Structures are given as structure tokens and as C-alpha cells.
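Protein chains in written order, with our numbering: chain S, 1 to 286; chain A, 1001 to 1346; chain D, 2001 to 2252; chain U, 3001 to 3241; chain P, 4001 to 4367.
Calculated from the structure, these hints are not laboratory results.
A portion of the hints provided could be inaccurate.
Sample of chain P residues facing chain S (criterion: CB under 10 Å; computed from the structure) [what the hints assert, rightly or not]:
#1 A4173
#2 P4174
#3 L4175
#4 L4184
#5 Q4210
#6 I4212
#7 D4231
#8 L4243
#9 N4256
Subject to a maximum C-alpha distance of 25 Å in a straight line, what follows is the list of computed DMTMM-like cross-link-like pairs (lysine to aspartate or glutamate) [what the hints assert, rightly or not]:
#10 P:K4157 to S:D171
#11 P:K4305 to A:D1181
#12 P:K4005 to A:D1042
#13 P:K4069 to A:D1042
#14 P:K4093 to A:E1179
#15 A:K1018 to D:D2133
#16 P:K4093 to A:D1042
#17 P:K4220 to S:D125
#18 U:K3194 to U:E3181
#19 A:K1018 to D:E2064
#20 A:K1215 to D:E2127
Quick caveat: nothing in here was measured; it's all calculated off a predicted structure.
Where is the CB? At the ideal position from N, CA and C, for every residue including glycine.
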Amino acid sequence: MLTILFDGVAYGMLLFVLGIGLCVTLGLMNFINLAHGAFAMAGGYLTIVLMNRYGISYYWGLPAAFVFSAALGAILERTLYVHLYNKSHLDQTLFSIGLVFMSMAIVDYFMGANQQTINLPPALDGRINVLGASVGIFRIFTIVICGLLTIALQFIIAKTRFGSRLRAAVDDGRVARGLGINVTTIFALTFAFGSGLAGLGGALSIGIISIDPTFPLKYMIYFLIVISVGGTTTITGPFYASLLLGVADVAGKYYVPEIGGFIIYTIMVAVLILRPQGLFTKGATR
Amino acid sequence: MSGSHDKDLQSASARLLKQSHSRWYEWLFWAVALSLFVIFGDFIPGVPTRLMLLTEIVTLALLALSIDLVLGFAGIVTLGQGAYFGLGAYVAALLAKGGAGTFPMSDPVIGLLIAGLVTGVFGFVTSFLVLRGSDLTRLMVTLGVALILSELANQMRWLTGGADGLNGVMPSAVLGIWEFDLWGRVAYLYSLAVLFICFWLSRRIVNSPFGLSLKAIKNNPLRARAIGVPVNARLVAIYTIAAALAGIAGALLAQTTQSASPDMIAFHRSADGLLILVFGGAGYLYGGLIGAAAFRVMQDVIGNITLQYWQFWLGAVLVALVIFVRNGIIGMMVAGWARLRKGDGQ
Amino acid sequence: MTFVLETRNLTKRFGGIIATDDVSFKLPAGARHALIGPNGAGKTTFVNQLTGVLNPTSGQILFEGQDITNWTVRRRATAGIARTFQINQLFAELTPLESVILAINERENAAHEWFSPLGSRETIVDEACALLDRLTIGDVRDARVGDLPYGKQRLLEIALALAAKPKLLLLDEPAAGVPESEREQILDVVARLPAHVALVLIEHDMHLVFRFAKTISVLVNGALFCEGTAEEIARDPRVRQVYLGEEEVQHG
Amino acid sequence: MANLLELRDISAGYGEAVVLNHVSLALPEGQSLALLGRNGTGKTTLINTIVGLTRRREGSIFLSGQDITRLRPDQRALAGIGWVPQERNIFRSLTVDENITAIATKGPWTMERIYKLFPRLAERRSNMGNQLSGGEQQMLAVGRALALNPRVLLLDEPTEGLAPIIVDELLQALRTIVREEGLAAIIVEQSPRKILPLCDQAIILDRGQVAYQGTSEDLTNAPDILATLLGVAERGAAPAH
Amino acid sequence: QEVVKVGLILPMTGQQASTGRQLEAGAKAFLAQRGNMVAGKRVEIVVKDDQGVADISKRLAQELVVNDKVAFLGGFGLTPIAMAVGPVATQAKVPAIIMTAATSAVVPQSPFFVRAGRTMPQMTFPIADWAAKNGIKSAVTLVSDYAPGIDAEKFFKQRFEEAGGKVLDSLRAPLASPEFSPFLQKAKDLKPDALFLFVPSGQGATLMKQVIDRDFAGSKIRVIATGDVTDDDLLNDMGDSVLGMITSHDYSADHNSPENKAFVEIFRKVNNNMRPNMMAVAAFDGMELIFRSLEATKGDTNGQKLVDAMRGLKWMSPRGPMEIDAQTREAIPPMYIRKVERKNGELYNVEFQDAGSIKDPTHTHTK
Ligand SMILES: Nc1ncnc2c1ncn2[C@@H]1O[C@H](COP(=O)(O)OP(=O)(O)OP(=O)(O)O)[C@@H](O)[C@H]1O
Ligand SMILES: Nc1ncnc2c1ncn2[C@@H]1O[C@H](COP(=O)(O)OP(=O)(O)OP(=O)(O)O)[C@@H](O)[C@H]1O
Ligand SMILES: [Mg+2]
Ligand SMILES: [Mg+2]
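Here chain S stands alone, though its shape is the one from the complex (with noise of 0.2 Å):
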């Protein structure tokens, strides 16, 4: 029973983690951006390549995910990405497919087409006993990164200046330029660094999944439901969402397994409908 507990939370958390860059690309600068899973990518072969050709630690890694993916975001941000969020977001969802394209055939070029997988460090590796349950150690470090991760976000966007300017130059961009913020500066920032935790989240979820060419198409409707039943103008909302959806999840495979391919988009349906802007939001209404 707590360990099934357990076994959502964790899986909620790998939810998370694969969409967590996104909570900041899709969900603070409402950008479509379906190539976050690129991103991600990129920070798992990273790590991967790392790890099994140079033999570096998985502690450095998760930084080094990070600190390439965010290269890798700023740099696209600046030449591609700049172009488009005045558009629709119908013209970033066919931009951002275009890009998950281009990068599975990269991927595909330099790594080729099979899975990969990484053998994780022995203090991650393994069980321990919690409360009586046992618990993967991996499982814990990701519940732990994860939960330090959401407060430090939703600190830096609830409450400080650089989160109200950011919100400001989502809400309305030509204005908040007028007024003096640099929108250009700020997005790109806001950009690398989302595009940076999709590479983090890319090197944690090889810790529990194996990867591959197709991961950006393959998990991209997981991110995707954790952004929408989370709500987009918070972190803690995909944070609960994951909770929520890891956790329903695990417990009606576990115990109503005949439905067990359903209930995660009964779920999201059933939410959205409910609350159209999701499950975790302020009620903003209009």
C-alpha cells in the first residue's frame, strides 16, 4: 500500500521531471513548444555520452545536462525561436514540430537508432527501507530534486521582479518594451534556462527510462498532460498535477489493471473539462 503510494509519487515525479523545462517555455512565456522533448533529448544523450564514452560521473552529469541544454536553447532562441512568438501558436506548434523532426534524424545520425541506457551510480542505485516500505534510492533523488527545484521556481517567479517583468512581457509584449523592460533579454534568459531544466529532466529520466530517437514524439504527450491538468501559470500546479496523475495512475494499474491504459487520459479529460484551465490554477476568469 505505501509502497504503491510511494511507486506514484515517484512515477509523478518522473512526469514531472520529463516536463518540467516546459512549465517554464509553454507555461510562464506561453511558447507551444513542442520540441522541449528535443531538449530533454539532448540533455539525456548528453549525460549518456558522457557517462559511457568518459567515463564522468552521473553527479556531473545532471550539471552538464543542464548547462548544454541551456547553450543549446540559448543559441536556438536567438536564431530561430526569436522569430516566433508573435505568431500563433498554431505557427509554433508546426515550428516546434519541425524542430522535434530535425533533432530525432540528428540524433538518429550521431547516436543511431536503438535505446540507450545508462547504469546509475551505486549510492543511487538500490532499495531502501521508509516507513517500512521499500523504496528506490533513484526515486528519492528525484522526489528530492524535483521538490527543491518547484519552490526555488515558484519563488523566482511569484516573488520576485524578474518573474513579475517576465509575466509582464508574456501578458503584452510591445507594451512592456514601451515601459522600459528588455523583452528580448529577459525571454532569451528565461528561454536557456527553461531549456536547461528540460536537459536536467532529460538526464534524470534516463535514471529510470531508457531513451532513444523517437523520446521527444514518444513522451511528449506526458509533458504535455502535466502542463494542461497543472494549469500554465504556476510551477506548483504541474507539480501537484504530477503528484496526482503519478499517484492514480500507479494505484488503478495496481488495483483495476483492466482499465490500466485509460485512467491517466480519463484523467486529463475529465479535469480539463471540469477546469478548463486546470486543476491547480487561481481562478482566473474572464
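Got chain S sorted already, so can you dock chains A, D, U and P with the ligands onto it with the hints?
Structure of chains A, D, U and P with the ligands alone, referenced to chain S:
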């Protein structure tokens, strides 16, 4: 102004009416579509047969057309049109299989109609889910419906054949006269005719008062309500119609490929449909048609050059298209045409 | 006397804020009424509840004697309540002509026709053109609404409301952003509406208010502060203190 | 006296269309200018061109003698251009407080001072931008521009939607601020009657061109110009008392 | 000099891409080893990418037949893809070699289908037998929730229970989900002697990661599977924790025979040092079938004659002795029980027991 008042009114009405008249380039478009039959139908020695590809394009075009109705005109972002496409495919396939290739149950035309009806009903039922929410919400709700349906198709093995798909799908000859052939000749003409009829209907719809109210809803639902537009009813209506069209598209594909499998209902159908539409240009009706042709042909051509990495080039084209062009291929053509005319004027 | 509109103890809360505070209000047919009050007094919120954009926290709304509190926006609109919006709510991608035709179509129950092309009903097009001319925006009827200057958009805003031929017309600052010269024109158009149509004007331009209104209600902090004829309100020192200030008031 | 703001021969437009034609003006410290004109004559376009958001085709803009023509909008804002957009454009997902703090710079205009000018806003300080009444939004738009501590204020119809009692107060306050703190202001208004007594200069635009330029006093005394260019003959500026 | 074309319809992009790559590589290896001349004709391969989508493969098959005039079709990563091609093969009378799709129901679909791979029961029976004979009394099955998975579940249960074992529960994980933990936990809670796994070859790595994470070894539950889970392609990356895992399959890159040594060597040489897996060998044997049938007909490309020539063919494949059932046109491959071991620094499925050749038990049809 009041002097020429009467004449003025005359022209206002006439001008509106003129918008719904067909233009020469539309006739050209359909003439080209028809002539492709002769060119690629294995009538000319040395020219490869591509009617199967063309048929596939036609079904995709119909799918994209149905998305255009909800997205381009009513402003509902959907990533779930694949659900109706797939449902239509299964219905048509089951009918063809059930009738074991005999008239009337296996007749493709009857199959199409029933598939359209069933998906229309299903579209009506599910349309209530997309009435509220933002772009992202609708995207996810429609996607959710499609995912649930595709999981159902996988689970209801007794009916759908599960992941193996249905086999032994043998539609009878079209109207009992034209047998589907190995070259895909009948398949192409048949699908093209269906596309044409569906297109013509859609065209009437968007140029009608009903179509106008859809555009208004897309622009500003709050205001539309305030002047008495029954927003929900209109959205339900167009969503239902579009679902039926998507179902017919799916049925076409099932009949012309004589199969139905879970990937007809899978996520990538919806995604392809949306991509194709945006690629071609949403809100023009022809966008989906031209987009489907351009997209598939490009995929085919690049795929022949680089078998494994065509996705890279396809992605690059998408990226470039969005950055440099507004409103897809048609948007590009419209802008080019405007520039050309202006050049003439000077 | 018959009342077109009546509210009973209407109250609307936003969290701790009481935006409409126990308002009981009656409006006879053919009224020429103005609703004034300081910024944030709850005028727009009041209108939003009348038209169904917002649901009241408590209280009732009656239209022609029927309880419409739970009606949808659209049902109220078809019943004959029309409004203009304080902040433009237009169809940016349509033309003014199309926008007005749309509104007339809805009124005439012709908007669900899906097979006949737009413009095939000439009477409707004629009526739309005439209405646009009356509001002096006939010359831009084929432009894209989103590209129109603000003032013309304001006029279109009114045209859309008029097209419905309402029984009750709620005008929320219709003249905001319209130059003085054209403000009078707007009022003329509105004044020429049939005598049985009840009009409620929300406006901060006191010239217009006093030219137009026979009766006035003053809202302050969500509650009805006072009601009376235009003369009474103009003379009321309390109103002067909370709202009018030194504004010079000529009564037309 | 040095001009705080100077426009030389500005032309601007949208896309291919040229909306403003060769507009020049100069505004010294402590003065305000009333910008008048019928609908669609280009008032907003002129303001937005100074802010840097419209495509300028020709001409140059100087702020305290420094050429700011090539600066980005945000750089211009920080150089001292404060702007109240016509449609207010309050940041909807920010609270009233945040709307101000997000763009505030150091200077005499602190949050306290803004709230003192608009006590109504102080009562709503934790409301979201989209939960304000029309007038409250207008107040916030003005307060927000002041929070930038600008040297030049560009106010595009700042009194629209404000209660009469506030309009008087606000215009008076603006006049005092501009005079005493050595700012300059361009105020777009629909009603010459309200604005002319409070401004030093006036410009009337007609189809993107300057149709009248002079002191506001002269314009007040030229009812024929007001009538032909603005169509406002019948309602003079006769004092009430 | 006449050319005989072979049209290979493979998933070269998308989820199944690694399967497509192995198949193509296997065919290339065959041509490199054998040369491309047979019966005086030159064999040419045309590869098409079906993206793993059934209706596209059908269209590609049709175009290959009509435009390229291919004499053989081959490939087919998934069952529905093979099914979709069936009518084309039948109508055009072109032999189609099933290399991957493993459902028994495929071959009867068309008289021109011949299998070069293997079927689900052929893979599952040996491991069920082995389990029953090695002290495993109870088992839980966990498969992907789609047709082949359900086949695996069915055949394992059938065979295992016939041999006296008991399947405690049959768990099915949704195909797309990356999370197996509720199922694994349930399996663990049921405390069986063994957990039997089947997932499509692409998903093995993720599943094994989570299996290891759940520490079945510590709770004395043996983990057994068909060879798909410890696919040669992925095995090396899975790490030491899969050491000792028992699976059944017809091919391991480690198979000890001169034929396999030669195959692995040429395969690595022409394919950038890739390690061949079961797909590769199926493509290799598929080409063998094509060449042998052409030899038998002396270059005649009449489809019926070619299919007839394939019936009952026997040869020595890298997997061991291969045969095509003369009645059913099904492959009869040799089967082995293998154990994951480290050899020369790499992980391999090392065969330790020959399970013999098994005819597909589901076929009763003749023709
Ligand atoms: N969604 C909301 N949430 C919280 N407060 C709100 C909301 N909408 C309006 N308010 C508050 O309710 C009060 C009344 O607003 P309303 O818009 O009705 O005023 P108004 O009388 O129309 O003012 P104005 O003349 O400035 O337009 C205001 O103080 C406003 O801040
Ligand atoms: N985004 C735009 N694209 C194209 N044309 C525009 C755009 N915005 C304004 N215009 C045109 O530029 C001209 C000037 O508009 P502007 O908004 O500057 O007028 P204005 O004097 O501020 O009018 P108002 O009093 O209504 O605010 C108008 O003719 C308008 O149609
Ligand atoms: Mg208001
Ligand atoms: Mg303006």
C-alpha cells in the same frame, strides 16, 4: 455619399455574393487533380504509377479539410481529429469485412455514408468537451479523446482485431460497378470524387451566414454571445460536421488500402492532419488540400534521397516555412500574388 | 407602470470586495436613464450581471416580468437585451459590414442557414449598410475591423448593439475615445431609437449624460447612492462631492 | 532654453501605409503639449513612434539633445520616456502592485506617492490587472508611467473613462508635476475644452500632418480653427461659475 | 544481364527504426557474403521506409510491384503491416518474406507469404518448458498489452500449466507507458517463483531498468523472458544487473558455429561494427530463401514457382539448422535457452541448452 446610395447598396450585396463565386484558379485546381489520373495512372509508358500515393494524399486532404473547418473557421484547436478518422476507418472496414465483399453491405459508397453518420454521432457527443477552455486545453482534451479511443481499439480485440488490425477487408466494387484495381485507378477517382463533394459542401458552409457566425465566434466569443449567437450550438454543429468528414476520410483510406489498424486512429494521424493544414495554410479550405499534396510529395522525394534522415529535411522545411511565410503555402501564394499585382499597378 | 427591467437585492462579491451591494432597481419601458458613479463603483459589474456575463452572488434580475437570473448570455440577447462594451469587443478579422450583417442575421433568425451564400438576402445587407451610414462608418464598411482607428471601432461597437433592435440597450461608456464632434452624433442615433426602447447609459462625460438622461442613478461603492431626475441629481451637493467635483453641468 | 523633447521631420506608418507625414515639434522643460485631432488622424501613431513601437520612416527624435532615434523602445523608456497607452494595456496577470514594481526605477515617484495620487488604486493593490474597473485601469496606466520616473510623459487619452472629479484632479496634478519637476508632457485628448487651459502648446493633426501648431492660449481663442479641424464649435469653454 | 529486384519494406524511422536498421543491415551482409549473382541474374535490393504504418506499407508494396516490378517483397516489422501487404502479394502473385512480424496468423493470410523469422509460440514454449523443468512451480506473466504480448502470455501459460506449473496472474502493461512499477510491484507481491516478461524489442531496456530497480533477485524471484527483452542490440548497455537472466530464442550473436562466426564478421564489417540481432539474422535468412528459390527455378521469377521452391527448403543458418515447413510455409528455426553472461568484456546471451526445432503449433491448415 447619399447620392450614390442605391448603387452603393447594390454593390455591397453583390460584392458579398461574389466572394462565394468560384474563381478560375479553383477550376484549374480540380482540373489538375483530374489530369494527374492520366499522367500517373500507368497510361503513359515510362511514367511511374503514383495513384496510390495520390489516393493517400486525397484522404489526408479530406482529413485536413475537416480540421480546417473547426480550426481555421471556428478557431477550435484540435489534436484529436484522428479519433474520427480512425473510427470512420474501422466502421468502413468492419462493414466491408462483414459484407464479405458483396453488395450492398460492402459497397464502398454505403460504407462511406454509414461511417460518416457514425462518426458524426460520435463527434456530436464529444463536441461538448471542447466548448470551454484555452487553446492548450482543447488541444489536450481532443488529444485525450483520441488516445482513449485508440486504446479502446487496441483492447476491443474481438471487434477490431486489436494491434493486429482487421484483415480480410474486402469492399465490393464501387456502386457495384468499378472494382478496386492494383494500380489504384478506381481508388483515386473514387476518392477524388468524394473529396470534391465534401469540399463543395464545406465551401458552401463557410460562405454562408452560418460560416460567418463561426468566424465571429473564432474572433470573439464573448461578443458573439452578446449579439445573440448561440455559440455552443454553432460549435457543436461544425464540430459534428467536421467529425463526419474526418470519418469519411478514414473510411476512404480503409477502403482503398483494404485494411484498418490501430495506427489509423493513432496520435500521428491527428498530428499529421494538423501539420498538413498549417503547412498549407489554415482558413482557406484549399490549405489542407495543397498542404497534403506538398507534404506527402516532399516526404516521398526526400525519402527517396535519404531513407533514414528524411525527417531532418522535412523538419527544416517546416521550420523555414513558419519563419519566412505567414499562413502556410497559400499565405505565401496570396502574398506573392498581391505583390505581383502591385508591381503591375505601378 | 410596467418595468422592462428590475433587480431585486442584487449583490456581487469578488472575494472580499462587494462590487454590487444589494441593488434594487427598476427601469420603466422607454426610459432614458443614466448610471453614473465614481470609478470602480460597480457600474460595469452591474451591466455584466444584467447581460449574464457574470452571475450575481445573490439577488434576482427580472426582464419584462420574467426572472432571467439564470438565463444564458445568448438567451438574454435574443430576448432583447443588448449592450456595448466599455473596452471594445469586436470581431477583428471581419469587416464592419460583415459584423453588422451577422448581428442582423441572428436577430432575423437567418444565421443558421448554411447553404445559401452570404449576401443573398438583400434586405439584410441594405439594413446593415444603412446602419453603418447612420453611425458615419459607412465609408470603412469593407475594411478590416482590427485596422480601424479606435474611434471608429467605438462607433461599430454601438452599431452592433443597435443591429439587434433591442428592447433594452445598455451603453457602457459608448463615447469613450470618440471625439467630441462625433459624440453628439452617437447620442442622436441613440435618441432616435423608438420610444419604447429602454436605454441605460453609463458615461463619465457629463455633457452627454445631462443632455440625454431624464433620470439618473448614482452608484457608489456598489450600492445605489441616490436616484432622481436629471435636475435633482445635478443639484445634489452629495453627488457633486463624490463624483462631479467642479464639473460644470449644463442641462440640455 | 534647451528642448527636452524634439521631433524633426518624423514620418511613420504601418507596413506600406504612411500615416504620419513630416511632423516636427519641440517641447522645453516644464511645458506640456495638447495633441488634438479627429479619429484616425495619427495621434496614437505619433505617440507610439516616440515610444519606438511604430515603424519610423524618416526624421529623428531627440531627448535632452541626445539622439534617441536608434534606441530600442526599452532603452528609450529608461532614458526617460514614460508612456500611457491609449488602450491602457495593463498587464493582466500581474497585481496592481506588480504592475508598478515590474517597471519602476529609482526616483521621486515611489509606490507610496503613486498611491497617494490615486487612493482608489491603493485599495485594489492586490487585485490582478484584469480585475480592475475601466477607470482603475486608467489610473494604473498613469501610475505605471510615473513609476518609470520619466523626463517626458506621453499620455494617450489619459482621462478617458475617469470620473469627472478625478479628471480635474489628474489634469491639475499633471500640470503641477510637469511644471515643478521640470518634465515635459504630450497629452492626447478628445476634448480641447478640458485640456487647452492646462497646456502650454497645442498641435492639431489632420490626416497625419500638422494642421495647427501654436500656443494653447491662441487656439482657445480661435474657435474657427477648432470648428474646422475638430468640429467642436458648439461647446465652448465657458466657465461655469 | 537481367536484374531481379527485391523490395524491402522496413521501418527506417519512428519507434521501430532500430528494427529496420537491423533488417537492412542483415540483407546487406548477405549480399556482401554471397555476392549478388544467382542463376545468371543480378539481385538488387530496393528499400522503402514504411514508418511503421500499415497503410503506407500497403501503398509501398503496391508501388514496388507496379513501378519497380519487384520479384520479391520482404521485411514487415509489425503484424498489421504484414497483414496489409497480404492482398497485394496475393493479387500480384509476388512472394513476400515475413522477417519480423511474429504473429502466427500472418502467413495464412496470403498463399505468397513465407516466413523467415519465427512465431510467438516457437519462442515461448522453450522457456516455459525450461521453467517447469527447473524447479519453477508458479509464475506471473507481464506482457505489453497488444497482440504479440497477449500471444506470448497465452502460449506461456498454456505450455507452463500443461507441464504442471501455475500462472498466478497475467499482467498487461499499456504499450505506450514508460512506467512498469505498479505491475512489477504486483508481481513481486504475488511471490511467484518466476516472472515471465515479454515486451516488443524496443522497450526491453526501460523494462529491465525498472525490473532491476525493484530487486527481484533479492526476493528470490527469477526473471525469465523471450529473447526480445535481452535483445543483442541493447544488451550491452543494460549493465551487469541483467547478468544471469534466462531467456529463450533462436538467435544469439554469441551462437557458436562457423556459419555464425562468418555472419557476425561480415555483418560487423559492412555495418560499421554493429552487433547483429534476431532481426538481422531473419533478414539474412530471408535473402537466403530468395537466392535458393531463384536457384531452384533457374532464374524464373514466376511467383507461384518461387513459393513452391521455398517449401521444405533446409539450410544451415547462422542460428543453426533452418527449415521451411512444406505445408504451412512457416519457418522452423532451432531454439535455445540462453543466459546473459560477460564474454570478452561484453554482455551476450550465451546459449546453454538446445531446445530443438519446433513447428508452429497453431497451424492446422495445409496448402
Ligand atoms: N473579477 C474581479 N475580481 C475582483 N474584483 C473585481 C473584479 N471585477 C471587478 N472588480 C472590482 O469591482 C469593482 C467594480 O468594478 P466595475 O468595473 O463594475 O466598476 P465601474 O463602476 O464600471 O468603474 P469604471 O467607471 O472605472 O469603469 C472595482 O473596484 C473592481 O476592482
Ligand atoms: N496596426 C495598424 N495597421 C494598419 N493601420 C493602422 C494600424 N493602426 C492604426 N492604423 C491606421 O493609422 C491611422 C492613424 O491611426 P491612429 O491610431 O494613430 O489615430 P488616432 O489619431 O490615435 O485616432 P483615435 O482618436 O481614434 O485614437 C488610421 O487611419 C488607422 O486606420
Ligand atoms: Mg466600467
Ligand atoms: Mg489614438
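Taking the earlier hints as the rules, which of them does this structure contradict? 8, 9, 10 and 19
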